[in-house]
Amino acid sequence: MMNQAGRAIAAVSAINEEQPLLAVSGLGKRYGPGCPACLDLQGQRCPQCGSLWACYDISFDLYPGEILGLVGESGSGKSTLLRCLYFEEEATTGIMTIPSYQGGPANLLAASAQQQRYIRNHMMGMVFQNPWLGLRMHVSGGGNIAEKLLAAGVYHVGRIRTRAAELWRQVEMPLPRLDEYPQNFSGGMQQRVQIAKALANKPPLLLLDEVTTGLDLSVQARVLDLVRQIQRELGVAMLLVSHDLAVIRMLADRTMVMHQGRLVEQGLTDQVLEDPEHPYTQLLVRSLL
Amino acid sequence: MGRGGCYKDRQAGSHCYEGMGIPVTALPGGSKGRDKKEEEAILSLESVTKSFHLTLTRTIELYALRDLSFTVGRGEFLGITGPSGAGKSSLLKCIYRTYRPTCGHIWYESARYGSVDLACAPERQIIHLRAGEIGYVSQFLKVIPRVAAVDVVAERLIPGGYSWPEARRKAIELLTRLHIPPELWDACPATFSGGEQQRVNLARAFITRPRLLLLDEPTASLDSAMKGHVIEIIKEIKKNGTTMVGIFHDREVMDRVADNVLELNIVKGCSGSKAEGRAAGREAAPWPQ
Numbered sequence: 001m002m003n004q005a006g007r008a009i010a011a012v013s014a015i016n017e018e019q020p021l022l023a024v025s026g027l028g029k030r031y032g033p034g035c036p037a038c039l040d041l042q043g044q045r046c047p048q049c050g051s052l053w054a055c056y057d058i059s060f061d062l063y064p065g066e067i068l069g070l071v072g073e074s075g076s077g078k079s080t081l082l083r084c085l086y087f088e089e090e091a092t093t094g095i096m097t098i099p100s101y102q103g104g105p106a107n108l109l110a111a112s113a114q115q116q117r118y119i120r121n122h123m124m125g126m127v128f129q130n131p132w133l134g135l136r137m138h139v140s141g142g143g144n145i146a147e148k149l150l151a152a153g154v155y156h157v158g159r160i161r162t163r164a165a166e167l168w169r170q171v172e173m174p175l176p177r178l179d180e181y182p183q184n185f186s187g188g189m190q191q192r193v194q195i196a197k198a199l200a201n202k203p204p205l206l207l208l209d210e211v212t213t214g215l216d217l218s219v220q221a222r223v224l225d226l227v228r229q230i231q232r233e234l235g236v237a238m239l240l241v242s243h244d245l246a247v248i249r250m251l252a253d254r255t256m257v258m259h260q261g262r263l264v265e266q267g268l269t270d271q272v273l274e275d276p277e278h279p280y281t282q283l284l285v286r287s288l289l
Numbered sequence: 290m291g292r293g294g295c296y297k298d299r300q301a302g303s304h305c306y307e308g309m310g311i312p313v314t315a316l317p318g319g320s321k322g323r324d325k326k327e328e329e330a331i332l333s334l335e336s337v338t339k340s341f342h343l344t345l346t347r348t349i350e351l352y353a354l355r356d357l358s359f360t361v362g363r364g365e366f367l368g369i370t371g372p373s374g375a376g377k378s379s380l381l382k383c384i385y386r387t388y389r390p391t392c393g394h395i396w397y398e399s400a401r402y403g404s405v406d407l408a409c410a411p412e413r414q415i416i417h418l419r420a421g422e423i424g425y426v427s428q429f430l431k432v433i434p435r436v437a438a439v440d441v442v443a444e445r446l447i448p449g450g451y452s453w454p455e456a457r458r459k460a461i462e463l464l465t466r467l468h469i470p471p472e473l474w475d476a477c478p479a480t481f482s483g484g485e486q487q488r489v490n491l492a493r494a495f496i497t498r499p500r501l502l503l504l505d506e507p508t509a510s511l512d513s514a515m516k517g518h519v520i521e522i523i524k525e526i527k528k529n530g531t532t533m534v535g536i537f538h539d540r541e542v543m544d545r546v547a548d549n550v551l552e553l554n555i556v557k558g559c560s561g562s563k564a565e566g567r568a569a570g571r572e573a574a575p576w577p578q
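Line order of the protein sequences matches chains A and B. Going by the working numbering, the first sequence opens with residue 1, and the numbers climb by one from there. Going by the working numbering, the second sequence opens with residue 290, and the numbers climb by one from there.
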């Protein structure tokens, strides 16, 4: 139990020394050849060269331990943005830094593949909308978790086994099914195995892409409770992509709105939902409430 | 600090009525310049205007507040009254930053940050202020279902560094004082009666002992005995130095707790308004004694 003084010191230092965990500025992802006209683009498609910009000039900061919501209609570039941050796709433009990593080196988006792999394996976890992208369906659940641990440099088989069982319990999966193939699991269970796998290396940053889409209501609720519990107990920062405003309202401290590849609004979650400024956000909020 | 800093730069001149609105008369504390204002003022509004630029059907400019200025002294209870639609709730939401004021300043003397303009402070700063200094009691309890009443209250203490057992003990103490029967502590507030929900709502705000507490009709759904208990707690918190701004429809309750009363009026046919749709200005006047 922390005493009063310790609490005060912790609170003060948390505020005064707050620096972002992840800082992104001017991130863009282009499909197509690109041309000088792309630099001053109005829409999503360049009229000169026909390139499509899935993300355009995205800038935001993510702070330690917070849940940052990202909403937008399908096709607005949410998943592309997440894949760029996870180095699954190569971003065309932009700068991404993790200040706590090696004293905050230069642009991670332009770092070597080896360096990107290191960042991904040691500092990030990702849960994909489609479990087939995040899990190897023909490798046991425990094997999937082991894969992430091996990548993060844990080679001791006993320790891997213990950690896998611990994560299995944490996401409320039945222990006897640890060695079963994920393809035999239900959608909700697959999502929970994905979360266990993403958490295996104890990352400070978790990227969640539509974790509850397609799950039935009670399963959705349990996955959301799990996300909440992880944030509360492990203090993991999360970038949470969802088109479900109820999920965003329940989980996110701050929310960003994407529309046609751009961030059109960002603010406190209650402010974005109750006092939306951009026409698209107004439409979104009125559509779903 | 958050990117964008003061968002007003990009809004400058759009629909700002600063300096040309309705003159404000006889305010409690008076409308004074920032430098000249009293040492004791903890909250000071300067020409706050809130308009909604709605684009959903046709472009409509709605004014909720216009050129409102007043100060609240440290430890004071300012009651707000006025007819429905006069902008009472909007005013509280502007102070809490659920709404972003269109123009004007809301100066708050923070224990951690010194003078902060709540109208444009960085969002992370607002999140920290909400966790530790500024409380808000809405008209209705809005919480995540599936969470026990005691945890709904206790979780407010967790960001301040309390352990869960400690936080739960304090929550139970407060729920007992608010006469929530012990058998309800582990039940979800969603199943409670209106009055019980409202008391949980109050407990959630009271438990952090905020420096500034905003109350939106906190006693509206309570019977007279419960009103008595709530007033008692409000007075006790006030004695501990909490400054409060509260909306009450109940004149009797208002008389028992408020030091000063601000009356918001709808002023019809105000000049200088080019807004389409409903154009209404607000005027502040002292409560007729």
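The set of hints was computed from the structure by calculation and includes no laboratory data. Where a beta carbon is used, it is the ideal one built from N, C-alpha and C, also for glycine. A portion of the hints provided could be inaccurate.
Stated by the list, open to error - If you want the footprint, here are the derived chain B segments under chain A, 3+ residues with CB under 8 Å:
1) 334-343
2) 387-393
To be verified - Covered by chain B, per the in silico footprint, the following chain A stretches (three or more residues, Cβ under 8 Å):
3) 173-185
4) 220-232
5) 271-281
Do the hints match the structure? See the list:
1. Given as covered by chain A, the segment 334-343 of chain B passes the check, having 3 residues with a CB less than 8 Å from a CB of that chain where 3 are the minimum.
2. Restraint check on the segment 387-393 of chain B versus chain A: 3 residues with Cβ-Cβ distances below 8 Å, three needed, restraint holds.
3. Requiring three or more residues with a Cβ within less than 8 Å of a Cβ of chain B, the coverage given for the segment 173-185 of chain A is violated, as only 0 such residues are present.
4. Chain B is given as covering the segment 220-232 of chain A, and this holds because 4 residues of the stretch bring a CB closer than 8 Å to a CB of that chain, at least three being needed.
5. Restraint check on the segment 271-281 of chain A versus chain B: 5 residues with Cβ-Cβ distances below 8 Å, three needed, restraint holds.
Against the hints set out earlier in the document, a violation occurs for number 3 only.
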